[in-house]
Amino acid sequence: MHTVRGLIVWFAASIAAASGATLVGVNFGPSGSPSPTNWTLMTAPGTVNNLIDSTGAPTTVSLTVSSMSPPPDTFSGTPVAGTIPSDAPTLANLQSNFSSYAATMERHRTTCWRNSPV
Amino acid sequence: MLAQFSGLTPSGTYSVYAIGLRFENGINQSVTITGAGAPVAFSQIGPVFSLFFNGSIGSSSQTLESYAVPIQASGSGTISIQFASGPQRYTAAGVALSFTPSIPATPVPGSLGLALIGLATAGLFYFARRRLL
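First to last, the sequence lines map onto chains A and B.
Note that our numbering has the first sequence beginning at 1, numbered continuously upward.
Note that our numbering has the second sequence beginning at 1001, numbered continuously upward.
Calculated directly from the structure, the hints in this document are not laboratory data.
Take these hints with a grain of salt, some might be off.
[What the hints assert, rightly or not] FRET-style restraints, in silico, Cβ to Cβ:
| hint | chain 1 | residue 1 | chain 2 | residue 2 | range |
| --- | --- | --- | --- | --- | --- |
| 1 | A | GLY56 | B | SER1011 | 54 to 60 Å |
| 2 | A | PRO71 | B | PHE1125 | 56 to 62 Å |
| 3 | B | ASN1025 | A | SER69 | 20 to 26 Å |
| 4 | B | ALA1038 | A | GLY56 | 21 to 27 Å |
| 5 | A | GLY82 | B | GLU1024 | 16 to 22 Å |
| 6 | B | SER1066 | A | SER69 | 33 to 39 Å |
| 7 | A | ASP87 | B | LEU1124 | 30 to 36 Å |
| 8 | B | GLY1055 | A | VAL80 | 16 to 22 Å |
| 9 | A | GLY46 | B | ALA1128 | 48 to 54 Å |
| 10 | A | THR60 | B | SER1059 | 28 to 34 Å |
| 11 | B | GLY1037 | A | GLY32 | 27 to 33 Å |
Just so you know, these numbers come straight off a predicted model, no measurement behind them.
We put the CB at the ideal spot given by N, CA and C, even for glycine.
Taking the hints into account, I'd like the entire structure generated from these sequences.
See below:
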């Protein structure tokens, strides 16, 4: 009986492995923004440890988001339906972002130089 | 803006997604993904209110996996994604990666793989039952 039970567990694991990869997803936006199922919403630069995967299980994966000054703005809106890939669970809840002009090291150096007390 | 995944399997291969989305004036930015090998760079340029996955505008007739960029994690288990502003602001809607490559070295239809697993399992069940009876 133990053998049969073990085979059932193995079979379930095999099906899970064969049916696709386990995704870790993080979406950006203002607090309260919707997220795809089992994605993690970040509302500001920083670090999130032990991100969950698409099954909701915690992982060892972390994400650190950093940006040059000023910190990014957050915006929300509804994307055009025709640009949303046909996944299950749906990605239609990708409805927000982080956005700024300050992204390059050159701009960062300029900002630091301008703000230098020297 | 730099988004860095850590805690990955060192030198493991991951399917990575850099997702862009802007709500005014269209999108025009560059994205660079860096792991163990040479950085992979592409642009996201297109209309407003459109989702971009790596270098392509999204389509409801495709799956997320079809946009995957395979990236090998660094020796310390990191993959970095940089969004950089071009003529327009950078706009990052999200980032994602999957633990197993979604682009296998030898393409095998999913249904065929499942059928083979099913046959193998059925065979094991058959022999297990014979041993128990």
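Verification of the supplied hints:
1. Separation of A/GLY56 from B/SER1011 is about 27 Å and departs from the stated range, judged on CB atoms against 54 to 60 Å.
2. Checking the proposed 56 to 62 Å range against A/PRO71 and B/PHE1125 shows it holds: the Cβ atoms sit about 57 Å from each other.
3. Taking 20 to 26 Å as the suggested C-beta distance range, the pair B/ASN1025 and A/SER69 conforms, at roughly 23 Å.
4. As the Cβ distance of B/ALA1038 to A/GLY56 is approximately 35 Å, the hint placing it in 21 to 27 Å is violated.
5. The beta-carbon spacing between A/GLY82 and B/GLU1024, approximately 19 Å, falls within the hinted interval of 16 to 22 Å.
6. Roughly 37 Å separates the CB atoms of B/SER1066 and A/SER69, a value that falls within the hinted 33 to 39 Å.
7. For A/ASP87 and B/LEU1124, the hinted distance range of 30 to 36 Å is satisfied, since their beta carbons lie about 32 Å from each other.
8. Range check, B/GLY1055 to A/VAL80: Cβ separation about 18 Å, and the 16 to 22 Å hint holds.
9. In this structure, A/GLY46 and B/ALA1128 meet the distance hint of 48 to 54 Å, their C-beta atoms being roughly 51 Å apart.
10. Separation of A/THR60 from B/SER1059 is about 33 Å and conforms to the stated range, judged on CB atoms against 28 to 34 Å.
11. For the pair B/GLY1037 and A/GLY32, the supplied restraint of 27 to 33 Å is violated, since their beta-carbon distance comes to about 39 Å.
The structure fails to meet hints 1, 4, 11 from the earlier list, while all remaining hints are met.
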